[in-house]
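**Q** Given next are the chains, with one letter for each unit.
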Amino acid sequence: MRGRPRWGIAWLALLLVAGCASAGDGALPQNALDPAGPVARIQDRLWDLVFPVAVVVFILVQGLIIVAVVKFRDRGEDRPPRQIAGNTRLEVMWTIIPALILVGIAVPTIATIFQLAGPPADDALTVRVIGKQYWWQFEYLNAGPGEPIRTASELHIPIDREVFIELEGRPGETEDVVDVIHSFWVPRLAGKQDYVPGHIRTMRIQADEPGTYQGQCAEFCGLSHADMRFAVIAHEPADFDAWLATQRAPAGEPTSGLLRQGEQLFSQQQCFTCHTLDGHPDNANARTGPALTHFAERQKFAGYTYDRTDENLRQWVSNPQSLKLGAQMPPYGTGVALSDQELDALVAYLQSLD
Amino acid sequence: MATDAYTAKEADVIHPETALGISNPKLGMWVFIGSECLFFGAMISTYLLYVGRTQDGPTPVSIFDIPFTSVSTFILLMSSLAMVLALAAVQAGDMRRFRIWILATALLGATFLSGQFYEFTIFVAEGMKVETSPFTSSFYMLTSFHGLHVAIGVLMLVALWATSMGGRIGPQNSEVVENIGLYWHFVDIVWILIFTVIYLIPVG
Amino acid sequence: MTAIADPTKAVARRPFFARPTATTGPWSWFTTVDHKKIGILYGVTAFTFFIVGGLEALLIRSQLVRPNGTILDENLYNQIFTMHGLTMIFFAVMPLSAAFFNYLLPLMIGARDVAFPRLNAFSYWVFLAAGLFLYSSILFEGMPDGGWFNYAPLNIIGPDPLSLAGAGPQIHQARMLYYSMGLQIAGIASLASAVNFIVTILNMRAPGMTLMRMPVFVWMTFVTSFLLLFAMPVIGIALWQLMLSVRWEVPFFDATNGGDPVLWQHMFWLFGHPEVYILILPAFGIVSEILPTFARKPIFGYAAMVFSGIAIGFMGWGVWAHHMFTVGLGPVANTAFALTTMFIAVPTGVKIFNWIGTLWGGQLRFKTPMLFGIGLVAMFTIGGLSGVTHAVVPHDTQQQDTYYVVAHFHYVLFGGAIMGLFGGVYYWWPKIFGWMLDDRLGKVHFWTMLVGFNLTFGPMHILGLNGMPRRIYRYDAGMGWDLWNLVSTVGAFLIAASILVFMRNVASSRRQKVPAGNDPWDARTVEWMTSSPPPPHNFDEVPVITSRDELWHRKYAGDDGEKVPVPAGASQDHGEHGGHEGHGIHMPDPSYFPLIVAAGMPIAAYGTFYEGPGMVILLAIGGAITLFGIFGWVLEPTAE
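Protein chains in written order, with the numbering used here: chain F, 1 to 354; chain W, 355 to 558; chain U, 559 to 1198.
Keep in mind that the hints were calculated from the coordinates and are not lab data.
Where a beta carbon is used, it is the ideal one built from N, C-alpha and C, also for glycine.
One or more hints might be untrue.
[Claimed, not checked] Estimated spans, in silico, between C-beta atoms of each pair:
(1) W/439 <-> U/1099: 42 to 48 Å
(2) W/416 <-> U/768: 55 to 61 Å
(3) W/446 <-> U/1099: 55 to 61 Å
(4) F/117 <-> U/876: 42 to 48 Å
(5) U/876 <-> W/424: 26 to 32 Å
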């Protein structure tokens, strides 16, 4: 009995060390312990304060237990020990000291709460984010003249500039249908904020370095909550401006017979009921599904879940439920709508939309 | 068989002493009423949150008929008076007077309920349905649950009357009347709160 | 409290549906009003649900053992994790605590039964009815799948509004009705118990047992009962609002028609936070009895233990929105709740230190109950510390809705409540059944469980901070989560193994039946004064209390600390039939009506699933059964 609690403690310490050691590893794309921007860093600083305090208290308490267990184990005495009922001074101390420690934690906590709650910076890029079952829509509200650029699942931003996120859930303020609560979370850039139907919520993210920062919905929203992912792709400012310019271009014209067939199928199968292709004559600016104008620039699709390969696309269009249960898109596969050859044409067309 | 005086029966169990000095059933009723405060409190809170959300539908000012509801309220208040008189009667051993007043309490309560029912039919006819707006939903939920409590109270009062007709209520077990009276008064107090918060304040 | 006198005249038995009289035999379990039997019923049923919840956990862990697992699809996974939460909270931990309340409370305060024995039986049957009703969903449209917290608007809209995935609006509505009605019925059980225990504690203590001489366990029962009394109505209202919304499109939570989904969260967590104290305070009470017994000294700082429990009960009402830090209540609200949440750590910390103080200077005997008691102190500390980190709001926005939270609440609920409850099982088993559980097997159970538990939930802290959200049925390779998920699953199966050890212990110890005697642990409180198991009337003579730890003072009354033999509180030859022979004690008679009233409720609840005649008929039948039961109950005297 004597040695075992020590094993337990040593083992726990090993876990902690391993966990901390694994931070900073590139193989942890959503690691909140490895901030990549000022907002996450400010939040992480509070963790750097409170975690060591917790460790110290942990060691103190477990240490006292271990000492007590070793020192006061029954040695077969006849008489019971002194029946001490308490010690008022000690008890007052261990009421007041923890309270003081908590005050020490509370002050920086409150300061940070208000620091992060301010209005957007003057030069902030404002993005309206709408969460839907089961994907994220992004609209750039102040990225230049004309209609806001609208994309899905991959949020391109410039580095070193505040990106102010408006999670717009008020039905009267957006044409989008508002469904359930989601939560926008890209851990390496910032803590999460919920997307709440009936309300508008705001938060800010900012990246220091170019790169891809993964995120996912963090409020249970139904069948494919696990597959409601997204990525924030940060660019040097010049590259970001170039990306914006490509977004303003209309959907690419088909350049072959197969692609033309695919384009026609896109119209015939009523895809414009839910999807947008800017500049296309049949475009209805529908917002039920993700905008597909530049679909082929995306790394992944279906809520940043599947690689944008021909095979995945074919399966998706054929039967979305087979890849993402609850996706609000009907099936278009063989026997339902399209033949195999038609599927090939449609997929080829989609893959040409860069 | 109705009797005017009370006769001790085997059904009476001698209650043991309790640490607080009041019986278990009476203490139990008070404790239960404590939980009911939260029950109605949660509904009143919801109502206060949603009273302004009338969604192009009827508003408190436009739909409530204060004179009518005031009469209803008065009737329910009088039922509490009748309850007090009924308790006094049973404690004095006058079972005939008890039965008159307990029935009066029940009848006044039932009249209040019919008033509520009538009021709701008018509201519905004027376009105020349960699902019209958060205001109407929280109004109906609160007042309907209150009405349900009144109805259960009326049932208990009638049962008391019937038990008394069988000669099984008397001064020695008058506490059951007291406990039901406690419930009845609580339901009345909740109504006073509802009437004030929901009817009088918005319209006044 | 003195014995209830026999009625002066014999009562004519009901001509129909005669009142049951048997207090032994299999049928007596259906009509019993004896708090001890009801406690055993609660314990066995709760343990069964615990196994079911544990199997659900193993399914979850099997699905998550590797990336892109294929054991459960989205639809099944969401049902399983929802039911795991509901089962463990409402049908395992709460009723396990109720088992101890039921069995021990009258014994510990020197009473013969609770204030309302039939209401007590009713609480049990209603709890069972609720659990069966909720699980009957497996046979029909499937189990609730929105999480145990079931947020709006998802609880209204459902996961598949276009009916493309086989979980469309009709199915969703049914699942939500199972949730709403099942929990309402369970809530009635808790409310009835709360009224019962509060009245019992206030009114039925033995002569001389002032409030400040009650065992800490009784105090924790008292505070828990008030929490139940006030929290259950709030969730009741929320569940009604949900039912009206789902069934009749009433816009309580509908953002497109003026409703606010956040209202659900407020109401749910106003209930939900007191609920977690409901879950832990009984275990705190149990540990506060175990540690003194096995340290052979009194609880350190009795008054502080009592007042910190009361403080937790009060302060627990002021922290609810710490579950909502990412919903966007604003910096002022978040600050307020951060502060209240931090400061509720103070009374909790006081308990931890007082428990250590109890051990300090004692003569520690490491029997199985003691191991579980120390286990609670050690593991709950970890859970409490992670809880404090949640109060740091800006960082909580990283922790919330991740596996870090799952780690936190399992450390407090499993490492805390479950450890404490198992400690109680091993501690009071001899008193309840009259024979000992094997201590060596108990230790195997404890160590296996402790290691398994830490392997399962320790890594979850890391997973959460490394970005793994909760309630996801799968995760990709390449997220860096593979190793710790694997470790966690291994731990879960170790926990399962430890439960098997426990069950084996029960089976083999039952065969051995090593007799326990009245007081096998040399304990301190009056339940150990009577026989094991106690007679139906608990004590032949109700003890007169002159101090805290009354039994200890009687045993060690000598000035030089010599142990003084204390005559047993009950003679060894107690009869089987309510103690009539010469004791003059008449216990309340058994009754059918608690079971009948309980049986009507799920039937009526099924009515809400239908329209028109189907609905009316089911509501009418269920209502009639319940009403018939109520009338019978009210007209039936306590004892005949």
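**Q** That 42 to 48 Å hint for residue 439 of chain W and residue 1099 of chain U (C-beta), does it hold up?
**A** Cβ of residue 439 of chain W to Cβ of residue 1099 of chain U: about 46 Å, so the range 42 to 48 Å holds.
**Q** Between the beta carbons of residue 416 of chain W and residue 768 of chain U, is the distance compatible with 55 to 61 Å?
**A** 59 Å, holds
**Q** Between residue 117 of chain F and residue 876 of chain U, is the Cβ distance one that fits in 42 to 48 Å?
**A** Once the Cβ atoms are compared, 22 Å apart, the range 42 to 48 Å for residue 876 of chain U and residue 117 of chain F is violated.
**Q** With respect to the beta-carbon atoms only, verify the hint that residue 876 of chain U and residue 424 of chain W lie 26 to 32 Å apart.
**A** Given a distance of about 38 Å, which is not inside 26 to 32 Å, the answer is violated.
**Q** Could you see if the CB distance from residue 446 of chain W to residue 1099 of chain U stays within 55 to 61 Å?
**A** Once the Cβ atoms are compared, 40 Å apart, the range 55 to 61 Å for residue 1099 of chain U and residue 446 of chain W is violated.
Checked against the numbered hints above, the structure violates hints 3, 4 and 5; every other hint is satisfied.
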